[in-house]
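Residue numbers (the numbering used here), protein chains in the order written: chain A, 1 to 236; chain B, 1 to 269.
Keep in mind that the hints are not guaranteed to be accurate.
[To be verified] Below 27 Å or equal to it, Euclidean Cα-Cα: the simulated BS3-like pairs (lysine-lysine) are:
#1 B:K154 with B:K182
#2 B:K258 with B:K154
#3 B:K105 with A:K101
#4 A:K29 with B:K154
#5 B:K154 with B:K178
#6 B:K182 with A:K101
#7 A:K141 with A:K29
#8 B:K154 with B:K138
#9 B:K258 with B:K246
#10 A:K141 with B:K182
#11 B:K182 with A:K29
#12 B:K178 with B:K105
#13 B:K105 with B:K138
#14 A:K141 with A:K101
#15 A:K29 with A:K101
#16 A:K101 with B:K178
#17 A:K101 with B:K138
#18 B:K154 with A:K141
#19 B:K245 with B:K258
It is worth saying that the hints were derived from the structure and are not from the lab.
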Amino acid sequence: MDATRQYGELATQLLLESRRSTATDTLLKYNDVLVRTIVREQRQLESLLQSTLEQQEALNPGGDGMGDDALTPTVLLYQTAIIRNKRCLLAYHHHRIERLKELFWGVGGALPLILSTHTNPTGAGNNSAGAASLSNDIRSKLSPHEVDFLRSYSASLMTFRSGVLATEEVDLFIQITRPPKDIHVLVRVVLDCGVIQTELGTIDFKRGQRFLVRAPTLNILSLKGTSKRSSIMTSR
Amino acid sequence: MADSWDIDDYLNERPKAKSRSATAGPSNFVQRALSTPADRDDPDANILDDIIGELGGRPSVIDEDTVAETPFQELIRHWMNERHAPEILPAQETLLGRLLDHIRKQTDDVQLLRADPDSSEDEHFRIMLVQTEVERVKFVIRSYIRTRLFKIEKYAKHISTTPELHERLSQGELEHAKSYAKLVESHFTHSVLQSLPPEQQSLEDNLPFMPPMVPEPDITRAVFVRGREDCPPIRVPSGGETQIKKGDVIMTPYHVVKHLLARGNVELV
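Just chain A, with the same shape it has in the complex (with noise of 0.2 Å):
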């Protein structure tokens, strides 16, 4: 077995694995394989502990436990590993949920072009090939339940949205990184979007065109997939 690797390293390797995420500001492949080594490894570490206690308990019977005995060491190594472990994947798995709220409030709470396994990288319309490669990006990183946590905090945001206090007047969901400066933005197209509708008539976004558009609409187009970041360029 691999007896040259100590207690606790594979831990290590993912919050590794965690810093490297927040440093590259990407999302890594969740590690299936490291969380089930180190789950078999808690395992044995508790399988340990159980027998040195009774083994401690045999050699000592009735004692507290806290004795001065050869075998308290032992216990204590391995508790500290346990619990070190046990952080570790915790924390792992925090730190992916929390990137995964950032990358949802990043497209707006369009919660589908996270989900969306769709990849035509022809595709028209809203499935424009920007939005289809993030998805298929994000998509094929996360584990099951990751998923199911994204559609279950949507639907607690969306719970919220619609109560008491938001109403359809203030969209939460719009970027709060600067305040608006103007009610109009001038933006190139980067990406075929198609016709969208705005408040003062249609649009046809197509490439390479240059557009005054009132900020509410940057909105309605970020919100359709084509992101302002990635294919429509702010200009002053």
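Since the structure of chain A is provided, determine the placement of chain B on it from the hints.
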């Protein structure tokens, strides 16, 4: 309010071309909003004041001593407080409700005026200014709600298990906090905990020398506070006493000024 930018004036009497030319300078949004009541001469500043400020004339403010602040300024203050405070602050539901109602009304008025073919070039320009300001108010509202959401999610477990915090949240927020806490827990359970041995499945280990597993806001975090008025003396952690006077800016651990903040004596900056 002869030189007002009140959009309702247009609806009522259609004043002849007002002489002020409005040039929206690139001034700082927050600063501009904060300085609105002080200089009524600045046409730029008046827009915002009038859009927001006419909710029942001068708004009744919590404290009589301070200069009356408009609902929007009040919101900006709460927004800044919320953004800087480590823990969740009481929800400002009535304030938000008033602002949202007003935005809705303004938007309707604007639509009406836009559709009116008699509106002159000049008026269209003003409509645009009003729209811009409405967008900005919306921005602050959005940011305020999202800031609260962020904290609610971060401390979901703590909030949903601490009944004293419940009254600080609106109904919708509380529900979201609870469902989010449940969501994270079930995600952890399904992904990790259920495959661990039963002895390791707890989510609330409280071990010596380890941080607790339920994150709580750090109320000792340092914050900058500005006195909105002369405050009663406060006790600082080092043992002495100090007093925040109006306009003073000091840096202190959050818990020291917590009660002053709740009373509106100070604001976080």
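Do the hints match the structure? See the list:
About 13 Å separates the Cα atoms of K154 (chain B) and K182 (chain B), which keeps this hinted pair within 27 Å; it holds. Under the criterion of a C-alpha separation no larger than 27 Å, the hint pairing K258 (chain B) with K154 (chain B) is consistent with the structure, at around 20 Å. Of the supplied pair hints, the one linking K105 (chain B) and K101 (chain A) is violated, its CA atoms being roughly 34 Å apart against a limit of 27 Å. For the given pair, K29 (chain A) sits about 24 Å from K154 (chain B) by alpha-carbon distance, which is consistent with the 27 Å threshold.
With a C-alpha separation of about 12 Å, the suggested pairing of K154 (chain B) with K178 (chain B) holds against the 27 Å cut-off. For the proposed pair K182 (chain B) and K101 (chain A), the alpha carbon gap of about 16 Å is at most 27 Å, so the pair holds. This hinted pair checks out: K141 (chain A) and K29 (chain A) have alpha carbons roughly 4 Å apart, not beyond 27 Å. At roughly 24 Å between alpha-carbon atoms, K154 (chain B) and K138 (chain B) fall within 27 Å of each other, so this suggested pair holds.
Our distance criterion of 27 Å between C-alpha atoms is met by K258 (chain B) and K246 (chain B), whose separation comes to about 17 Å. Among the hinted pairs, K141 (chain A) with K182 (chain B) is consistent with the structure: their alpha-carbon atoms are about 24 Å apart, no more than 27 Å. In summary, the hint linking K182 (chain B) to K29 (chain A) is supported, as the alpha carbons are separated by about 25 Å, within the 27 Å threshold. A C-alpha spacing of about 34 Å is found between K178 (chain B) and K105 (chain B), which places the hinted pair above 27 Å, so the restraint is violated.
The suggested pairing of K105 (chain B) with K138 (chain B) holds, with an alpha-carbon distance near 13 Å, which does not exceed 27 Å. Taking the CA atoms of K141 (chain A) and K101 (chain A), the gap is near 14 Å; set against the 27 Å cutoff, the hint holds. Note on K29 (chain A) and K101 (chain A): the hinted pairing holds, with a Cα-Cα distance of about 16 Å set against a maximum of 27 Å. For the hint pairing K101 (chain A) with K178 (chain B), the CA-to-CA distance comes to about 17 Å; that is within 27 Å, so the pair holds.
This hinted pair checks out: K101 (chain A) and K138 (chain B) have alpha carbons roughly 23 Å apart, not beyond 27 Å. Distance hint between K154 (chain B) and K141 (chain A) is fulfilled; the C-alpha atoms sit about 24 Å from each other, no more than 27 Å. Of the pairs offered as hints, the one joining K245 (chain B) and K258 (chain B) holds, with about 16 Å between alpha carbons and a cut-off of 27 Å not exceeded.
Checked against the numbered hints given earlier, this structure breaks hints 3, 12; the rest are met.
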